[in-house]
Structure formats: C-alpha cells, structure tokens
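**Q** Residues per chain, in single letters:
There are 2 protein chains.
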Amino acid sequence: MSLKLYYDLMSQPSRALYILLKTSKCNFEQKAIDLRKGEHYLEEYKAINRFQLVPAIDHNGFILTESVAIIKYLARENLILESLYPKDSKLQARVDEYLEWQHIGLRLHCAMYFRQKYMDPILFGHTPDPKTLEGYFKRMEKALENFDTKWLGNGTEYIAGNSITVADLLAACELEQTKMAYYNPADNFSNIAKWWKKVREHFNPYYDEAHVIVNKIINKQAKLKAKI
Amino acid sequence: MSLKLYYDLMSQPSRALYILLKTSKCNFEQKAIDLRKGEHYLEEYKAINRFQLVPAIDHNGFILTESVAIIKYLARENLILESLYPKDSKLQARVDEYLEWQHIGLRLHCAMYFRQKYMDPILFGHTPDPKTLEGYFKRMEKALENFDTKWLGNGTEYIAGNSITVADLLAACELEQTKMAYYNPADNFSNIAKWWKKVREHFNPYYDEAHVIVNKIINKQAKLKAKI
Numbered sequence: 001m002s003l004k005l006y007y008d009l010m011s012q013p014s015r016a017l018y019i020l021l022k023t024s025k026c027n028f029e030q031k032a033i034d035l036r037k038g039e040h041y042l043e044e045y046k047a048i049n050r051f052q053l054v055p056a057i058d059h060n061g062f063i064l065t066e067s068v069a070i071i072k073y074l075a076r077e078n079l080i081l082e083s084l085y086p087k088d089s090k091l092q093a094r095v096d097e098y099l100e101w102q103h104i105g106l107r108l109h110c111a112m113y114f115r116q117k118y119m120d121p122i123l124f125g126h127t128p129d130p131k132t133l134e135g136y137f138k139r140m141e142k143a144l145e146n147f148d149t150k151w152l153g154n155g156t157e158y159i160a161g162n163s164i165t166v167a168d169l170l171a172a173c174e175l176e177q178t179k180m181a182y183y184n185p186a187d188n189f190s191n192i193a194k195w196w197k198k199v200r201e202h203f204n205p206y207y208d209e210a211h212v213i214v215n216k217i218i219n220k221q222a223k224l225k226a227k228i
Numbered sequence: 001m002s003l004k005l006y007y008d009l010m011s012q013p014s015r016a017l018y019i020l021l022k023t024s025k026c027n028f029e030q031k032a033i034d035l036r037k038g039e040h041y042l043e044e045y046k047a048i049n050r051f052q053l054v055p056a057i058d059h060n061g062f063i064l065t066e067s068v069a070i071i072k073y074l075a076r077e078n079l080i081l082e083s084l085y086p087k088d089s090k091l092q093a094r095v096d097e098y099l100e101w102q103h104i105g106l107r108l109h110c111a112m113y114f115r116q117k118y119m120d121p122i123l124f125g126h127t128p129d130p131k132t133l134e135g136y137f138k139r140m141e142k143a144l145e146n147f148d149t150k151w152l153g154n155g156t157e158y159i160a161g162n163s164i165t166v167a168d169l170l171a172a173c174e175l176e177q178t179k180m181a182y183y184n185p186a187d188n189f190s191n192i193a194k195w196w197k198k199v200r201e202h203f204n205p206y207y208d209e210a211h212v213i214v215n216k217i218i219n220k221q222a223k224l225k226a227k228i
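Chains as they are written, first to last, in UniProt numbering: chain Y, 1 to 228; chain F, 1 to 228.
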C-alpha cells in the first residue's frame with residue numbers, strides 16, 4: 001500500500017488530513033508542498049492537482065483532490081478510524097451535513113478574512129482598505145456566531161452528536177487560521193472556547209504537531225504586540 | 001416509508017433533488033416552501049431547518065439539510081438510482097470530488113451574480129452598482145471557464161467519467177440560474193453547451209418539469225427584450 005499526502009501545514013484542510021492520518025495510525029508518505037515558495041504552481045504539481053491547491057492524495061496511483069472527498073474515500077478504504085467518520089447511515093449524514101455546510105457557512109468567511117487581513121499585506125505589501133476589511137470581519141463574525149449557536153450549543157458535546165468526528169477536526173483547524181489574522185474566536189464565543197479545547201486534547205499530540213508553524217506565527221505576533 | 005422533500009423550484013439544489021427523486025421513481029411528499037413569500041422564515045419551517053434554507057428532507061422523522069448530504073443519505077438508503085451515485089469507491093470519489101469543489105468553485109460565483117443582477121433589484125428595488133457587478137461577473141466567468149475546461153473538456157462524456165451522475169445534475173441546475181440573470185453560459189463555452197444538452201435530455205421529462213418557473217421567467221425576459 002502506498003499513500004502519499006500532498007500538503008502544506010499553513011493550509012487548514014491539509015492540517016486536518018495530516019492529523020487524521022496520524023491519529024488513525026495510517027502510514028503515509030509526506031509530500032510537503034510549500035505554498036509560500038509557490039511550489040503548487042510548478043508543472044510537476046499541476047499533474048497531481050489541476051487546480052494547483054493542497055491537499056491532495058495519491059493512493060496506489062489514484063489521485064484525488066478536495067479534502068472532504070479525500071476523507072470519505074479514506075473512510076471507504078478503511079484507512080481512518082471508523083469512529084471519526086461513522087458508517088451508520090444517520091450518524092454519517094449528520095457529519096456530512098456539517099461538512100457540506102462549512103464550505104460557504106464557515107470556511108469561506110474565515111479564509112477570506114485571513115487572506116485580507118494577513119496574507120494579502122504580506123504577498124502584495126499593501127494595507128487592506130478598512131471599509132472592505134470591516135465587511136469581511138462582519139461576515140466572519142456572523143459565520144462564527146452561526147457555528148457557535150447552531151452547530152455547537154445544541155446540548156451535544158460535538159458538532160455531529162456526542163462523539164468526536166472529522167467534522168470537529170476540520171472546524172477546529174479552520175478556526176486556528178483566524179488566530180494568525182489577530183483574532184481568536186474563543187475570546188468571543190463560549191461554546192467554541194469549550195469545544196475547541198476538547199478537540200485539541202483529543203487529537204494531541206498530532207494537533208499541536210500540525211500547528212507548530214501556525215503557532216510560531218501567532219507567538220511572534222504576540223511578542224511584537226507586547227513590545228509596542 | 002415516508003419521505004418529504006421541502007423545496008422551492010426557484011432554488012438550484014431543490015430542483016436537482018426533485019429531478020433526482022422523480023428520475024429514481026422514488027415516492028415522496030412534495031412540501032413546497034415559497035421563498036418569494038418568505039415561507040422559509042416561518043417558525044414552522046425553522047423547526048425543519050434551523051438555517052431556514054431549502055432543500056431539506058424528512059425521512060420517517062429523520063430531518064436532514066444540505067443537498068449534497070441529502071443525496072449521499074438517499075443513496076445509502078437505496079432510494080435513488082445507483083448509477084447516479086455509484087457505490088464503487090473510486091467512482092464515488094470522482095463524483096464527491098466535484099460535489100465538494102462546486103460549493104466555492106462554481107455555485108458561489110453563479111449564485112452571487114444571480115443575486116446581484118436579478119434578485120436584489122427585485123427585493124430591494126435598486127440598480128446594482130456597475131463596478132461591483134462587473135467584479136461578480138468576472139468571477140462567474142472565471143468559474144465557468146474552470147468548469148468548462150477542467151471538469152468538462154477532459155475527454156470524458158460527463159463530469160465524473162463517461163457515465164452521467166448527480167454531479168452533472170447539480171451542475172446543470174446551477175447553470176440554469178444564470179440564465180435568469182440574462183446570461184447563458186452555453187453561448188460562450190462550447191464544452192458546457194454540448195454537455196448541458198445531454199444532461200437535460202437524460203433527465204427529461206423531469207428536468208423541464210422542474211424548470212417550468214425558471215423558463216417562464218427567462219421567456220418573459222426575452223419577450224420584453226424583443227419589444228425594446
């Protein structure tokens with residue numbers, strides 16, 4: 001069996017897949033693609049993913065993109081822990097419901113704010129327009145509020161019920177991204193704060209291992225802020 | 001067995017589910033939710049879908065939202081034709097890959113242009129800002145170009161290979177929406193034009209049945225244009 005994971009630990013779904021495979025004790029070949037060096041734009045990688053994004057997998061020659069599609073494939077191939085993506089039809093439907101909602105319900109808004117506030121100034125050297133940024137911020141806060149009240153705060157321990165699943169892992173990795181954009185959702189949303197801690201603990205030591213670079217950036221920012 | 005579908009034929013994924021169930025000869029109770037009358041905002045519907053969106057299903061008391069999650073659930077419950085959502089792991093992965101990509105890759109951009117160009121002027125009575133609209137238009141055209149070249153035009157008959165699947169149905173229903181915003185993707189993208197015709201023919205008479213209201217709007221617009 002040969003499984004290759006193409007990833008960059010700066011990418012949220014890449015981290016989720018990395019943690020998922022490590023937690024499931026699944027052997028895989030680590031194929032790091034450095035987004036900051038533009039390695040995803042190389043012709044060699046275009047042959048793996050025509051959209052030139054991470055993550056992607058190569059399983060015995062079968063190449064697949066899109067993190068959610070990858071998770072489902074790995075589950076069918078029995079390469080990840082069943083408890084994290086249950087086979088029971090109704091339980092699986094509850095996980096799927098979140099996985100489909102999150103694309104536009106949460107991910108889009110967190111990622112766009114991260115891009116505007118953190119990435120674009122680095123890549124293009126400009127300060128974001130305050131009015132535009134405010135719009136992105138409001139949409140992110142609304143998405144986080146929906147997540148906090150409509151997915152968490154429903155009386156269950158985790159997103160899809162009382163058991164932890166890939167839905168929690170994907171969401172947790174998504175939220176980490178906002179911290180690099182100088183915003184910590186746990187400061188404003190109590191259900192998120194409580195749930196996030198449990199998810200991190202469950203997936204440790206791999207959760208922290210996958211967030212080493214992200215945490216370095218966050219700590220560096222905190223130190224700079226303390227100096228001002 | 002009791003299956004209820006909550007839908008509005010003005011909603012793209014609602015139409016896809018309607019056509020899918022009809023094509024699969026699956027009996028279901030039609031629960032029309034009129035978005036234009038704001039029926040999705042009623043407390044009664046909030047109990048079905050806390051996000052107050054369509055479509056949703058109620059299968060023997062099990063309520064589920066999110067069209068892609070619903071399709072997968074219906075497939076596991078053997079309520080839809082297996083050929084449209086194959087059980088084979090790799091074939092299913094190819095369908096999933098598109099279903100996950102389309103949220104932000106295609107649907108977001110087509111839906112946002114439709115909203116800016118067609119819906120918001122009706123709902124709020126204002127003419128869209130030309131510069132803002134141009135931005136939405138460009139993003140939609142880029143998304144359509146990606147769809148035309150990277151999902152179609154790969155030498156296969158359909159999105160996920162040489163067999164028609166739910167991926168094609170979902171995409172076709174999505175594109176119909178843009179026609180109401182005075183834009184026909186088939187005029188500019190040859191792979192789309194060729195593929196779209198085949199999808200419509202495959203799913204007829206249900207495809208046209210689900211698009212009666214959409215087509216009425218498009219025809220009315222064409223008549224008004226001819227008069228000018």
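Any given hint could turn out to be false.
[What the hints assert, rightly or not] No farther apart than 20 Å at their CA atoms in a straight line, the calculated lysine to aspartate or glutamate pairs in the EDC-like style are these:
hint : chain 1 : residue 1 : chain 2 : residue 2
1    : F       : Lys-87    : Y       : Glu-44
2    : Y       : Lys-150   : F       : Asp-58
3    : Y       : Lys-90    : F       : Glu-77
4    : F       : Lys-131   : Y       : Asp-129
5    : F       : Lys-150   : Y       : Asp-88
6    : F       : Lys-46    : F       : Asp-58
7    : Y       : Lys-37    : Y       : Asp-120
8    : Y       : Lys-87    : F       : Glu-82
9    : F       : Lys-46    : Y       : Asp-148
10   : Y       : Lys-46    : Y       : Glu-77
11   : F       : Lys-150   : Y       : Glu-43
12   : F       : Lys-179   : F       : Glu-145
13   : Y       : Lys-90    : F       : Glu-157
14   : Y       : Lys-179   : Y       : Glu-157
15   : F       : Lys-198   : F       : Glu-134
16   : Y       : Lys-150   : F       : Asp-148
17   : F       : Lys-31    : F       : Glu-43
18   : F       : Lys-87    : Y       : Asp-120
19   : F       : Lys-179   : F       : Asp-120
20   : F       : Lys-90    : Y       : Asp-129
21   : Y       : Lys-46    : F       : Glu-77
22   : F       : Lys-87    : Y       : Asp-88
23   : F       : Lys-90    : Y       : Glu-44
24   : Y       : Lys-150   : F       : Glu-43
25   : F       : Lys-46    : Y       : Glu-145
26   : Y       : Lys-131   : F       : Glu-157
27   : F       : Lys-90    : Y       : Glu-43
28   : Y       : Lys-87    : F       : Glu-157
29   : Y       : Lys-46    : F       : Asp-148
30   : Y       : Lys-87    : F       : Asp-88
Hints listed in this document are in silico derivations from the structure and should not be mistaken for laboratory results.
**Q** Confirm or reject each hint.
**A** Structure-based check of all given hints:
no. : hint                  : verdict
1   : F:Lys-87 / Y:Glu-44   : 32 Å, violated
2   : Y:Lys-150 / F:Asp-58  : 19 Å, holds
3   : Y:Lys-90 / F:Glu-77   : 10 Å, holds
4   : F:Lys-131 / Y:Asp-129 : 17 Å, holds
5   : F:Lys-150 / Y:Asp-88  : 34 Å, violated
6   : F:Lys-46 / F:Asp-58   : 13 Å, holds
7   : Y:Lys-37 / Y:Asp-120  : 15 Å, holds
8   : Y:Lys-87 / F:Glu-82   : 18 Å, holds
9   : F:Lys-46 / Y:Asp-148  : 18 Å, holds
10  : Y:Lys-46 / Y:Glu-77   : 25 Å, violated
11  : F:Lys-150 / Y:Glu-43  : 15 Å, holds
12  : F:Lys-179 / F:Glu-145 : 16 Å, holds
13  : Y:Lys-90 / F:Glu-157  : 33 Å, violated
14  : Y:Lys-179 / Y:Glu-157 : 23 Å, violated
15  : F:Lys-198 / F:Glu-134 : 31 Å, violated
16  : Y:Lys-150 / F:Asp-148 : 36 Å, violated
17  : F:Lys-31 / F:Glu-43   : 15 Å, holds
18  : F:Lys-87 / Y:Asp-120  : 42 Å, violated
19  : F:Lys-179 / F:Asp-120 : 16 Å, holds
20  : F:Lys-90 / Y:Asp-129  : 45 Å, violated
21  : Y:Lys-46 / F:Glu-77   : 37 Å, violated
22  : F:Lys-87 / Y:Asp-88   : 15 Å, holds
23  : F:Lys-90 / Y:Glu-44   : 23 Å, violated
24  : Y:Lys-150 / F:Glu-43  : 15 Å, holds
25  : F:Lys-46 / Y:Glu-145  : 17 Å, holds
26  : Y:Lys-131 / F:Glu-157 : 46 Å, violated
27  : F:Lys-90 / Y:Glu-43   : 25 Å, violated
28  : Y:Lys-87 / F:Glu-157  : 32 Å, violated
29  : Y:Lys-46 / F:Asp-148  : 18 Å, holds
30  : Y:Lys-87 / F:Asp-88   : 15 Å, holds
Comparing the model with each numbered hint stated earlier shows that hints 1, 5, 10, 13, 14, 15, 16, 18, 20, 21, 23, 26, 27 and 28 do not hold.
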